[in-house]
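Okay, here's what each chain looks like letter by letter:
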Amino acid sequence: MELSVLRAYLPAYLQAAEATLAIAGLGLVGSTLLGLVIAVAQYFRWPGARPVTAVYVELSRNTPLVVQLFFLYYGLPKLGLVWGSGVCAVVGLTFLGGSYMAEACRSGLEAVEPHQSQSALALGLGPGPALRHVVLPQALALATPAFTANAIFLIKETSVVSIIAYPDLVYVAKDYIGNDYNTSEALALLVAFYLVILLPVSLGAAAWERRLRHAGFGD
Amino acid sequence: MTVPPVLRLEAVRQQYPNGLVALDRISFEVAKSEVVAVVGPSGCGKSTLLRCVNGLEPIQSGTIALDGAIITGPGTAWSKVRQQIGLVFQNYELFPHLTVLGNLLLGPLKVQRAAKAEAQVKALALLDRVGLADRARDYPRQLSGGQKQRVAIIRALMMEPQVLLLDEITASLDPEMVREVLDVVLELAGEGMTMLIVTHEMSFARAIADRIIFIDAGRIAEQTTPEQFFTAPQTERARQFLNLFAFAPPPGHHETAGAAAVQTEESSATTSDSNSLELHE
Ligand SMILES: Nc1ncnc2c1ncn2[C@@H]1O[C@H](COP(=O)(O)OP(=O)(O)OP(=O)(O)O)[C@@H](O)[C@H]1O
Ligand SMILES: [Mg+2]
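Going down the list, the sequences are from chains G and E.
The opening residue of the first sequence carries number 168 in my numbering; numbering runs sequentially from there.
The opening residue of the second sequence carries number 704 in my numbering; numbering runs sequentially from there.
Among the chain E residues that face chain G by a calculated CB cut under 10 Å, a handful are:
{"#": "1", "residue": "789"}
{"#": "2", "residue": "794"}
{"#": "3", "residue": "796"}
Label pairs and their in silico Cβ distance ranges:
{"#": "4", "chain 1": "E", "residue 1": "719", "chain 2": "G", "residue 2": "367", "range": "47 to 53 Å"}
{"#": "5", "chain 1": "E", "residue 1": "827", "chain 2": "G", "residue 2": "378", "range": "27 to 33 Å"}
{"#": "6", "chain 1": "G", "residue 1": "295", "chain 2": "E", "residue 2": "778", "range": "16 to 22 Å"}
{"#": "7", "chain 1": "G", "residue 1": "378", "chain 2": "E", "residue 2": "841", "range": "14 to 20 Å"}
{"#": "8", "chain 1": "E", "residue 1": "819", "chain 2": "G", "residue 2": "225", "range": "43 to 49 Å"}
{"#": "9", "chain 1": "G", "residue 1": "228", "chain 2": "E", "residue 2": "945", "range": "55 to 61 Å"}
Each computed SDA-like pair below joins lysine to any residue, with the alpha-carbon atoms no more than 25 Å apart:
{"#": "10", "chain 1": "E", "residue 1": "813", "chain 2": "G", "residue 2": "281"}
{"#": "11", "chain 1": "E", "residue 1": "825", "chain 2": "G", "residue 2": "300"}
{"#": "12", "chain 1": "E", "residue 1": "825", "chain 2": "G", "residue 2": "296"}
{"#": "13", "chain 1": "E", "residue 1": "783", "chain 2": "E", "residue 2": "829"}
{"#": "14", "chain 1": "G", "residue 1": "323", "chain 2": "G", "residue 2": "361"}
{"#": "15", "chain 1": "E", "residue 1": "813", "chain 2": "G", "residue 2": "280"}
{"#": "16", "chain 1": "E", "residue 1": "813", "chain 2": "G", "residue 2": "204"}
{"#": "17", "chain 1": "E", "residue 1": "813", "chain 2": "G", "residue 2": "299"}
{"#": "18", "chain 1": "E", "residue 1": "819", "chain 2": "G", "residue 2": "285"}
{"#": "19", "chain 1": "E", "residue 1": "813", "chain 2": "G", "residue 2": "304"}
{"#": "20", "chain 1": "E", "residue 1": "819", "chain 2": "G", "residue 2": "298"}
{"#": "21", "chain 1": "E", "residue 1": "819", "chain 2": "G", "residue 2": "293"}
{"#": "22", "chain 1": "E", "residue 1": "783", "chain 2": "G", "residue 2": "211"}
{"#": "23", "chain 1": "E", "residue 1": "783", "chain 2": "G", "residue 2": "293"}
{"#": "24", "chain 1": "E", "residue 1": "783", "chain 2": "G", "residue 2": "294"}
{"#": "25", "chain 1": "E", "residue 1": "783", "chain 2": "G", "residue 2": "210"}
{"#": "26", "chain 1": "E", "residue 1": "783", "chain 2": "G", "residue 2": "283"}
{"#": "27", "chain 1": "E", "residue 1": "813", "chain 2": "G", "residue 2": "200"}
{"#": "28", "chain 1": "E", "residue 1": "813", "chain 2": "G", "residue 2": "294"}
{"#": "29", "chain 1": "E", "residue 1": "783", "chain 2": "G", "residue 2": "281"}
{"#": "30", "chain 1": "G", "residue 1": "341", "chain 2": "G", "residue 2": "193"}
{"#": "31", "chain 1": "E", "residue 1": "783", "chain 2": "G", "residue 2": "299"}
{"#": "32", "chain 1": "E", "residue 1": "783", "chain 2": "G", "residue 2": "296"}
{"#": "33", "chain 1": "E", "residue 1": "819", "chain 2": "G", "residue 2": "299"}
{"#": "34", "chain 1": "E", "residue 1": "813", "chain 2": "G", "residue 2": "293"}
{"#": "35", "chain 1": "E", "residue 1": "813", "chain 2": "G", "residue 2": "277"}
{"#": "36", "chain 1": "G", "residue 1": "323", "chain 2": "G", "residue 2": "225"}
Simulated from the structure, these hints should not be mistaken for lab results.
For glycine and all other residues, C-beta sits at the position ideal for the given N, C-alpha and C.
Here chain E stands alone, though its shape is the one from the complex (with noise of 0.2 Å):
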């Protein structure tokens, strides 16, 4: 008997009400324990794929089954499947009005009626896990952004989800907060976390994922493991997104800027020539 993915999307197509057709023919799997990284540009429909995969947006056609039962019949009990998808967004969505230690409990209290003792020795565990053992009484307002996307992630894994969808979780962070919050990525990926990744990060992407996914305008235009994709893009569209990423030394770079003054109208010409020629190609 074989085990059913985590996650198993068939052919969905979603459409917004304005008629928007942000994902057509969206098929694939997460099996236990794979990190699949989601690329592709801006507005590609990479966040609508998360949130449809968290019952937030209906879908108009095809099935998203979790543990092999299809959750997006009618009749779902969306509560219990959301207790085992964990979704943390791009800007935190900590509640400001509780404290760090209210933010985690919410859950575990109002949803899994938890003990309280208990969610809050797990909740201390998670905190001091993530280096932040000594924030639980402040409001989220007084922690930096790194700080508040860690309590972010552990709140969502204070239900002990089977899989945990992450959405750009470091684009509003600043470039030295990036890393602490990739790290906790990072070491739930080694302890064998599901996960399914939307970032822009493509270093990290290729570190940390089993499997890679470009969609490009609501499709999957590739699903290729990391090494294939970052080095061999198959599709003309993936080329020129991962282009994005890539920086070719401006012409005359590598020369000290006196040798750069001297130059020639024809050397520097043919420099640029060969640059635009690589872009074209």
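Pulled out of the complex, with its shape left as it was, chain G reads as follows (with noise of 0.2 Å):
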């Protein structure tokens, strides 16, 4: 390994990396939203919410991610709606995790005692600001563990969007691997920076998840 090509390529892996953060955030974001949103109208039981958010969730969960990013990518400019490549990752992702960000709220919804809303429905407040001030803070501290294990998921999943052709940490290491044959450092670069990113985030959320416990929530 050729210390001097790791420094060489040290300047496009971390643009790649910074791709890479920005569509994982995006799509976080995204997924963690679009989750919120079917949590909360299944908890309404809005008129309609149970079917539609079914057939999204069976459609999320048993596509590949690569089909979903080949189908914006490709298949929605053939109905008139071209998409770069980074949107078409954001919006893949978003649909992907959204799916599992709901389900994450789901639990943590259903999780807390019915009373705690009848309590606060009793104090006068309507059903929204029962949700937002009493229902939602212990149901997301209580989703908290699902919710860091999709954040490192949709992370990981990131690693695919180079197929179509967004230039993220893997497209780079291809990219090397296949133009110089410097596979030995291409490779150790990809490692190195998938860790740096997803390690913080894996210790963090578990000590964010001990601080919760800690917090003993629940009685």
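Hints in hand, dock the two standalone chains.
Shown next as structure tokens:
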């Protein structure tokens, strides 16, 4: 392994890491919001929420992200909708992650005692404020382990977006391997960058969960 | 002109979605400053009754009126109504993610849009009244059951309700904590708070209530004064129910151990006979 090669590749990897982080971050925000909306719609039993979300969840879970990305990148233009690879990546990650986040939020909401929301209603809070101020804070705390597992899953899933030519870490690594044949250096950097991104997330999530458990929710 | 009762229920019938009729033909009134105790066997519909009054459970027919205004029709502004009707649950139901103060302020700030400084002064004064002035910054999990229940009561009082509904608020407490909670309720009664109290504490019901409502299988079986109810219940069901709380000394209990040992078969049989006669009377 050549140190000079590593050093030469570093700027490109840094830029690619930024690109990976960008879609991972936006995808996470998108899927969390989508998941929250779905879980709340089911919580309030909005009309139509159940069948619509059921179809979405099955589609989202039973198709590979690569296929979803292909559809967005190559299929949508046929319907007159042309998106760049970045937009497609974020939309694809949101579509995939939304169903997982919805499940995390749903189980969190169900884990909160029904009496908690009734107690809020009894104070005169409407259903919305009762959810927002009383049920949701507890539900999200309970959903933290599932949420962080989903976050790590989603960050790892970003590694397939080079399939639609999005210049992420894998894209850069493939480039260097294919063009320069510096396979060891390219792979070493690839592993190192994913670890640098994912390890803090994992460790931070574990610490956060410990703190919440220490806070002793539920009694 | 007569003042309407704070609460008036007329022929209330409630049926759960699974078909179970939990309440039927329930009619009674609670006048201002009156304390009414609701007693009855487990599962007879006491909690359901309170939940109906607070709109947490829809009723199928009959009416419930607060201050003369019917609150069971369509278009009831439940948020407004519930501010007038405080409800305290058996298991406190404090919000675990908020401090004691946060629990007390949630209603006033989010529902009544009260000024924070004023609401806080009020909260601290109420905490002081129930002996918890130093616990404002604690979380519910740091409090004992009795302390949690006192916080739950004043959380309801923060909204300045016209009537307070209490659902077996001492049922989850260790015996030594029951007193501190009931004392708070007694004090409220003394100040003229209108209350509808579901309780299994018969001596408490007798002491605090102006009227007792005995519910059996979803219907009011008896409605009378505490004096009458506890000394001369009119229905067989009420007598059976009250017997559950009365303990007759076991046969031979008054004898010394030695005397009991030499007691003849015959005399102990007589004792148990007379006991069982009493029960079947
Ligand atoms: N959500 C529900 N769905 C169906 N049935 C219910 C529901 N809640 C209560 N019930 C039933 O309605 C009846 C009345 O219940 P309720 O809780 O009002 O009784 P209770 O008098 O408060 O009893 P306890 O003294 O045990 O608290 C019971 O038979 C109970 O099983
Ligand atoms: Mg009950």
